[in-house]
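J.: Make the full structure from the sequences, and use the hints.
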Amino acid sequence: MSERTLLPRQRQDMIQDLVRTQRFATVRELASAVGVSAMTVRRDLESLASDGHVHRVYGGAKVAAPTPSDATVPEQRYAERMMENRDAKIRLARQAARDVADGDTVALDGSTTAVYLAHQLRDRAITVVTNNLLIVNELAGGAPPVFVPGGMVRETTHTLVGEGAVAGLEAFNADVAFFSCTGIHAEAGLSDSNAEEVAVKRALFRIASRRVALIDASKFGRTSLLNLLPLTDVAFIVSDAEPDGSLRRAVASAGAGLRVADA
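FYI, the numbering used here numbers position 160 of the sequence shown as 155, with every residue one higher than the one before it.
To be clear, the hints were calculated from the coordinates, so they are not data collected in a lab. Heads up, some of the hints might be wrong.
[To be verified] Derived DEER-like restraints, expressed as beta-carbon distance ranges:
| no. | residue 1 | residue 2 | range |
| --- | --- | --- | --- |
| 1 | Pro225 | Ile202 | 44 to 52 Å |
| 2 | Arg201 | Gly250 | 17 to 25 Å |
| 3 | Ala162 | Tyr53 | 31 to 39 Å |
| 4 | Arg89 | Gly136 | 17 to 25 Å |
| 5 | Ala236 | Val52 | 41 to 49 Å |
| 6 | Gly145 | Asn222 | 24 to 32 Å |
| 7 | Ala194 | Leu253 | 38 to 46 Å |
Please read all numbers here as calculations on a predicted model, not as lab measurements. Just so it is clear, CB atoms sit at the ideal spot from N, CA and C, and this is done for glycine as well.
T.: Here is the structure:
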């Protein structure tokens, strides 16, 4: 089979999220979902199992049983994500903040980029709706009132997910939803890797009048497991660089605006 072009870390994150969501997954299921060979999945499972992220069983993998030493893993992984492309995320946040008007209700997703945006909005006369507990902490004591849905805490991202989070968001209306994703592609549009996060992002999209994607250039041309949003449904994209070739043409054809953050 022709394998998708993904970095090992991307594949393994997708596999880990699928196993966590389903509690158990076979090698065949994972290979089909991720778009790689069974042999590649087996190698990735061995790597994930050796790090304690999944428990390898005959024919597939299941959720790893927690151990006392696992307590700091979610924080460490999230800290790594916060630092990844940090300068670009700060630039995106500063640019995006300029498109927020006083009095707006702003919906922010569970991404790390949204945390940086929340920092820029800390003293603004706005209202925030979010499932991101890091944003709740960031805005504590700041000017914006913050509303959160119910749901279950997803420890690896410090977000609220599940049916409670999706249902809870239906009570709100927002002027704009800012979000990020793991890939943007000319044909596939915007995509992400975790089903629980995608469900909440889609709920945020439904309550918002416009949707603004915060996407650094490292995600250009990439696709992830789950379709998130077509380019035609994006008001504009904020990035640290302008896309090239087919992606640039697709964005223009879709009518999505593009904001390139200042250096």
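J.: Would you mind marking each hint as holding or not holding in the structure?
T.: Okay, the hints, checked on the actual structure:
1. Pro225 with Ile202: 44 to 52 Å: Hint violated: Cβ distance 18 Å, outside 44 to 52 Å.
2. Arg201 with Gly250: 17 to 25 Å: Distance hint for arginine 201, glycine 250 holds at roughly 20 Å.
3. Ala162 with Tyr53: 31 to 39 Å: 38 Å, holds
4. Arg89 with Gly136: 17 to 25 Å: 21 Å, holds
5. Ala236 with Val52: 41 to 49 Å: 43 Å, holds
6. Gly145 with Asn222: 24 to 32 Å: The hint (24 to 32 Å, Cβ to Cβ) holds, given that glycine 145 and asparagine 222 are roughly 26 Å apart.
7. Ala194 with Leu253: 38 to 46 Å: 27 Å, violated
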